[in-house]
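Student: So the chains spell out like this:
Protein chains: 4
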Amino acid sequence: MFNKVGLIAKKDDERVEETVQSLIRYLVERRLPFVLDSECATVVPDGGLDVRSRESLCASCDLIIVIGGDGTLLNTAHTLSSKDVRMLGINLGRLGFLTDISRHEMTQQLDEVFAGRFQEEERFLLHVAVVRDARQVASNDSLNDVVVHRWRTARLITLDTYVDGSFVNTQRSDGLIVSTPTGSTAYALSGGGPILHPALDAIVLVPICPHTLSNRPIVVDADGQVEIVISGARDSAQLTCDGQTTLELTMNDRIVLRKKEVGITLIHPTGYDYYATLRTKLHWGKEL
Amino acid sequence: MFNKVGLIAKKDDERVEETVQSLIRYLVERRLPFVLDSECATVVPDGGLDVRSRESLCASCDLIIVIGGDGTLLNTAHTLSSKDVRMLGINLGRLGFLTDISRHEMTQQLDEVFAGRFQEEERFLLHVAVVRDARQVASNDSLNDVVVHRWRTARLITLDTYVDGSFVNTQRSDGLIVSTPTGSTAYALSGGGPILHPALDAIVLVPICPHTLSNRPIVVDADGQVEIVISGARDSAQLTCDGQTTLELTMNDRIVLRKKEVGITLIHPTGYDYYATLRTKLHWGKEL
Amino acid sequence: MFNKVGLIAKKDDERVEETVQSLIRYLVERRLPFVLDSECATVVPDGGLDVRSRESLCASCDLIIVIGGDGTLLNTAHTLSSKDVRMLGINLGRLGFLTDISRHEMTQQLDEVFAGRFQEEERFLLHVAVVRDARQVASNDSLNDVVVHRWRTARLITLDTYVDGSFVNTQRSDGLIVSTPTGSTAYALSGGGPILHPALDAIVLVPICPHTLSNRPIVVDADGQVEIVISGARDSAQLTCDGQTTLELTMNDRIVLRKKEVGITLIHPTGYDYYATLRTKLHWGKEL
Amino acid sequence: MFNKVGLIAKKDDERVEETVQSLIRYLVERRLPFVLDSECATVVPDGGLDVRSRESLCASCDLIIVIGGDGTLLNTAHTLSSKDVRMLGINLGRLGFLTDISRHEMTQQLDEVFAGRFQEEERFLLHVAVVRDARQVASNDSLNDVVVHRWRTARLITLDTYVDGSFVNTQRSDGLIVSTPTGSTAYALSGGGPILHPALDAIVLVPICPHTLSNRPIVVDADGQVEIVISGARDSAQLTCDGQTTLELTMNDRIVLRKKEVGITLIHPTGYDYYATLRTKLHWGKEL
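Protein chains in written order, with my numbering: chain P, 13 to 300; chain F, 13 to 300; chain L, 13 to 300; chain H, 13 to 300.
Read the hints as simulated data drawn from the structure, not as lab findings.
Do not take every clue at face value.
Identical chains blur together in the list; that is why a pair holds if it fits in one copy or across any two.
Below 20 Å or equal to it, Euclidean Cα-Cα: the simulated SDA-like pairs (lysine to any residue) are [said to hold, decoys possible]:
id, residue 1, residue 2
1, K23, S68
2, K23, R246
3, K271, H209
4, K293, P210
5, K23, A245
6, K23, A166
7, K293, N15
8, K293, S34
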């Protein structure tokens, strides 16, 4: 089924050790070739294992097992460059939206996966480019969200938004979240955005604390282009991709967002249910 | 371009008279064949004009001009049965999301339209069926929204929701709005839903005053099936389609929603801009 | 400390039996005089116990123990007419905002209470009168909230609101919630209202699904007068007090709200902590 | 009525000139003693007028007329130290919540005021102190709000909140707004807070984009003490008072808020109506 498995683990989390060791035993017993990232390597006795950088690991494996939380899987997604890699997330205790396999049921689930019984799910990324004085000064990819937000200032910033070249509005706010369906249950939800089903080819624009109360989240087609222009003269703003600050922005900077051509492929156990995850994570069913 | 034009006017609104008369003069001068609904007929002197029921009118025309507000256009959309009809909405003063042509610029805009210069836009409808004891007891179409809500009771109702056969959640609330992109700027917006761009092939489920605070609007693919089951034993609920109450619901009733195969086609002047309508209707740009 | 204890139990809940029997044993052992409501009487063997109507019970006791949920305590509060009665709420499993003593720790807590170690907390009620054609046609009291909402109609209703004689606004909505601090964690919270600390002498007006997005909850002094007028010609509305529908309303009806002069007094164990209840009920601390 | 009038004008706004000149003519004609701040002085020809620092001006006048927007009045409020001063706000075009007199009706309104016909309204301020390692390292006053928010980081911060010594909750969010009634229509409203009537002796705590969806605004008594502790180890946060950043915060910093003993007194024309201002500012009555 899979020719080579890569193991990538969360940094600085002692709970990783046992799970990684258990995973290695599992792979060795089944004679499945595997590669470790440096994080995994620190928790196993030195012994001729194949340890590589994340970049090299991602390039050489066709199944990547991420041990950690959604953040670890997000980071790994940024490194992937090919659609032919599949990712599988094992959480360390708390169910994740992306890391949906518990380490306690890891062995049975992997048996299923290596027997070819699993679900595949594509998730798209946003590509963002920052254009300043007609030159691209930065670019990045996001699986969750791209956020333009005020920075080192208590003042609101002023943003002009365009979708497919059409002017949408000028807003004064703390910032604007552009989120994929994957990110709709992350920061965008805290900002008042809706949940977008992961299969949806759409993105949502969520204003953060907008000055105008009728500035509401807008869902648009993911295949279009979203452009945000910093339009306030004294604005101090920052670009954040998947929670990592990326670039300080200045007036007239244009932030141009497009769906990235190549997405990632998640692997879930057969019977995986997005809504079950949603119910658990959002405590639906818990009475007030 | 168009073989026969149908005129449909808002009921009981005296502002209709002048606009309908002006429209008839326009059509007579240009020798464009037209048909009137009974409402239009009441405001013109009796004189051998072709007056028909809305059903007959909708069946015989290939362009229908609606004079009134969005509500009048909604009502007309329910009567349409064929995709080969186009609709054009003329408002009586206040810009509508669907009736976007002002009566003051009506003549110039119609010149453009009859010269073949216009934009077409498809909008889909929701088909809803109510299944009781394995029998369909009612069905209806909605351009804006289908709402299941409590009725003659101060008690919350309990609803189980399924999307494409997957259980989503059990919620206790005042009700649930299922809205098309067209309806996302109507009642769903008041309920806290996001704005969906009209070109999006998606629907949004908006809980009304849900007991669980994390029950948030969910956007799902419009090509799937949404099913809502009245699950509370003593629930008293009602089905409302586009603001018209349709059917009293009882326990175990299943409300099944699907995208209707045939939508409607709106005609807009060249240069029509959805976001401009949004800015005007939501008072964006007005300072606090 | 207390001369006579009244026991009032939730209707139609089998979990009541054991708790009531245990409470009676407790009171008999300590030779504390007590009275039962008819609900409590059904779960104990007939044996010369003092069984009374709720009205008579409330009039003759100076401590009333409510066994059930917040709803049972709400109902009891409506019967009370004198400030000299204290209420203590025992829940049947799920922590209530008002019924904060678990039946499992009931005995120890009552030992404390009868030893004079407890906290008292006053909660105010809203008095509502409906004035039609200059005549009062109905009146009621609410501990949680008074709601004016649409009824048997899918149409929005139009409400004019006045505070202390000053016109506040005309709103089109599904209705308006006027809530005490006690009610602020009930229906008003689902409608988007804030939490009001119980000691606050304030009420909050929460519009339900208002057509105008900037119609937001307003908190005003509880010592003023709030007046709501049904102003839409074809409106069909209903008055609901603490979740019990009370009166069908028609155009020009004036709903006049004032703080009731006499409130109720809740008894809590020493160390009772409102915020701890809030954290438990709202699942604060639970990770997403 | 008033012994000496102080004039304070908005900085760097050319619309100030005409209004200030007109005001000076008005005061000279009526032989009312007055003092100018340096901003006002720049727009009048040099001529023996009494020009002072804001501090000195505030100390020597019993009526201060602020020409500008709410921001100018906020700034002036920070300078005031005595309750015996009254403030009157003249706006430069757009109605303010605090600067409610239009320059066009300024003369008539001032005639009324100097004839003793006006309304007085007290507004309280929040006093905030930052305690680090048991030492107070900063303090400030706010008329609108005190905000603790993340700073130079895309990560959420973790805040522990206490009211009157009771632990309220630990929240992960972008920050927390503590707002007076005066500030409830400013930033707190954008963050989802309720409107608090200005006469209310209450403050509202509004979480900014909280991770836990049930973290809702809480209204508490203004006479209590609110304490916020920066509890995340790697948190980078900032304190902002009335929109002016004040102090960078680090872990374990305690932000202690109390109502300031001395408030400010606003003067309004007779017939001033808070709700009329609210209706205008929030565009109530504007149809969707």
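Student: Determine for every hint whether it applies to the structure shown.
Tutor: Tested hints:
1. K23 / S68: Intra 18 Å, inter 58 Å, cutoff 20 Å: intra-copy only.
2. K23 / R246: between (38 Å within a copy, 16 Å between copies)
3. K271 / H209: both (16 Å within a copy, 17 Å between copies)
4. K293 / P210: For K293 and P210, the Cα distance is within 20 Å only inside one copy (15 Å; across copies 30 Å).
5. K23 / A245: between (40 Å within a copy, 17 Å between copies)
6. K23 / A166: Answer is between: at 19 Å across copies they meet the 20 Å cutoff, but 33 Å inside does not.
7. K293 / N15: Intra 34 Å, inter 50 Å, cutoff 20 Å: neither.
8. K293 / S34: Neither. Shortest intra-copy (27 Å) and inter-copy (39 Å) distances fail the 20 Å Cα cut-off.
Hint violations for this structure: numbers 7 and 8, all remaining hints satisfied.
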